[in-house]
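Using our numbering, the first residue of the sequence shown is number 8, and each one after it goes up by one.
One or more hints might be untrue.
Said to hold, decoys possible - With a cut-off of at most 20 Å between alpha-carbon atoms, the simulated EDC-like pairs for lysine to aspartate or glutamate come out as follows: (1) Lys20 - Glu73; (2) Lys121 - Asp53; (3) Lys20 - Asp137; (4) Lys121 - Asp81; (5) Lys119 - Asp67.
Don't read these hints as lab results, they were simulated from the structure.
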Amino acid sequence: MSEWLPVFPVTGKRDRDVDGLALSFKKAADGTLLELKAKGVEPAGDLTVAYILDASFLNDPYSALELTLQAGSDSQLFRVTIEGSNDLNAWAVIAGSQTIGRLAHEGRAIEKGKVELRPCRYRYLRLTWDS
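With the sequences and hints as input, model every part of the structure.
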């Protein structure tokens with residue numbers, strides 16, 4: 008069975024390691040707000056450097072993540088890393104440096120969007136990629 012996971016972009020500077028970013032939650036009168044700050048500095052820039060996926064509602068362990076590639080995009084391959092966390096603070100690698108993407112040539116295409124994970128049950132997943 009497949010489930011769609013809510014996705015939250017994490018912004019920052021491309022040359023900054025995502026470990027230098029901290030997420031915090033603040034309760035507001037109208038709901039919960041997510042705030043991203045670079046540790047000890049001003050808020051991060053406006054480039055997407057990672058995505059946080061909310062898997063907290065899943066009851067069973069999972070062993071793969073299927074990423075939907077943007078339709079019609081040019082040939083591109085990415086090396087992605089998937090990490091898991093239960094508290095948005097401590098992260099463990101569950102799929103290191105896997106290739107996803109699309110190769111298109113002369114009307115044919117090869118596409119891979121599935122990332123195999125070691126079976127796990129983390130509340131949150133963080134997807135990062137090589138620049």
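Ascending list of hint numbers which this structure does not respect: Failing hints, ascending: 1, 2 and 5.
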